[in-house]
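Number of protein chains: 2
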Amino acid sequence: VSQEKISKTTLYLDTLTKPPGSLGKLEDIAIQLAGITNQEAPQVSPPGILVFAADHGIVEEGVSAFPQEVTVQMIRNFLDGGAAINVFARQIGAELQVVDVGAADEVEDKRLVSKKIAAGTRNFLKTDAMTEEQMEAAVLAGTESAEAMIARGIKCLILGEMGIGNTTAASALVSVLAGCSVDQAVGYGTGISNEVKQHKRNVIEEAVKRRNPDNSAPLDVLKKLGGYEIAAITGAILAAAKVKIPVILDGFICTSGAIVASRLNEHVKDYLFAGHVSQEQGHQFALEDIGLEPLLELGLKLGEGTGAALAFPMLEAAVRMRNEMATFDKAGVTNK
Amino acid sequence: VSQEKISKTTLYLDTLTKPPGSLGKLEDIAIQLAGITNQEAPQVSPPGILVFAADHGIVEEGVSAFPQEVTVQMIRNFLDGGAAINVFARQIGAELQVVDVGAADEVEDKRLVSKKIAAGTRNFLKTDAMTEEQMEAAVLAGTESAEAMIARGIKCLILGEMGIGNTTAASALVSVLAGCSVDQAVGYGTGISNEVKQHKRNVIEEAVKRRNPDNSAPLDVLKKLGGYEIAAITGAILAAAKVKIPVILDGFICTSGAIVASRLNEHVKDYLFAGHVSQEQGHQFALEDIGLEPLLELGLKLGEGTGAALAFPMLEAAVRMRNEMATFDKAGVTNK
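Protein sequences appear in the order of chains A and B. First residue of the first sequence? That's -1 in this note's numbering, and the numbers climb one at a time after it. First residue of the second sequence? That's -1 in this note's numbering, and the numbers climb one at a time after it.
All the pointers check out, no bait thrown in.
One copy or two, it doesn't matter: identical chains are merged, so the pair holds either way.
Distance condition first, Cα-Cα at most 27 Å in a straight line; then the derived DSS-like pairs of lysine-lysine:
#1 108 / 328
#2 108 / 153
#3 23 / 195
#4 334 / 195
Honestly, the hints are just simulated from the structure, not real lab data.
Please put together the full structure from these sequences, using the hints given.
Shown next, in the form of structure tokens:
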């Protein structure tokens, strides 16, 4: 990020017709965006949304509230414009692209971008979730998807995911990488009972023990416990940061992919905004691990990129504030 | 509010393609809006913003960071489109109207709605801020402004204010009506020093003692300690609630006017959304007094309606979610 643009913007904001610092976090966002983009008058519109979808072998263990078939059903719902993320994408004028990186079933639809690595990961209680090659291909699928969207002109990347069972993979990842206990990293997902949650915790604890990932090697953890959509999110974040495009993270699963990216490159976190903190209790630990503060706290637990899309207007407001407000001098207002 | 529409919407939201309750506060907002508007498919666009501006005799006591002339300078800035609230109004497609209910100086501009009661309130350390007639006229100015904007077709009313010295009036009001101490109700306003804050506290404490308002008579408190813009906000809220139009409150001053409205009619609070909680410490007490939870927490301390305008996209997202999402049945998605 550009320290020069950060300093310049910090000073410039105090010349605008408002008491210094009176726009709070919005001022922090404007400053961070100047640093990220290396521009004095940054833009975040148009935004683009990537929703990576994949299935998870771990669902065999009965860890999820919904059956696996829901992943492809929701892919169809995304393509038809009926899901929550479609609604919020339309509201903010965002292009929405759904990328199949590993759904268990096939969806024949021209609007779907297929970068399928395999029909779901393997059950990581029994074996590594992915091979080395699969993990690398999934990261690359994310990188390529982000690069293509950025090439089409988006100025802000919003990331989301869909995959029945993916809070289990994310909890496993976060417990290993963020140094919290499995108990702290496990939540209710899309709505399991206390009993199933206890079972989910036990499955993850046993799986982490058996897979024994090297927590100083983030890609090893990703390969053994992750998911294709999580790996794709890691790749998309790396690609956006590389070309100075800000990224808004959604919930727990998205943030687990961001932890991997941040471990691969410590500068990545400067390019990230945490859209919100979700009801999933591990999310707070995951955000703290990266060093991010959430913009919204709405008690969401949906995924798809919804919390990130809902936070986008804050970034838009921050750049408009920077770019459109009058200065004390220009407006003839007495500064104190 | 319509209990029937509230019940119906509560059930309907669980038929949409998302786990029940997974959109958190957005679902609460959608339900509340159905109740307020008595409509199954409520709308909040287009929104309208009223910024009431007035001056305060209490500034003679040296309680503010900025000089009084800034009130009319900022009125001109609003009219020219250079203030923060102008920027956020454009972002959300809101009509913005500035109403002079008591600026100390004259602003000759056709775009300004003049409903001036007097050239500022009197110094409430020395005498009542307003006469009975002035207080009533200011409430009526707010009512008429809201009614006119609603007649032009707005579906959501966003309230803001401008007035050098008005955190002092609001702190006095809140300390009497919300039952917190003067110390709890006093903050740094637009950026005074600790020393000036101590002085501001002493002035308010002495003024409350001398004016001795009847805290069971909200209009008596308003007359003795309030401001013309605060009274206008009270009137605007009453007018909007009466015709089932939702209101988004901004910061501390706006909320002090909402306390008066809530005391006059206990049902008013069902029509209110708290856009945010500000840095001004009395704001939290004021919100709790009415029983409101803020939508955003961005560390703002600007006023003008900025925090309310920034929260508007949440209400827009909530109604779009209700009105545009597919049901499980329609999308062919398996419900658990």
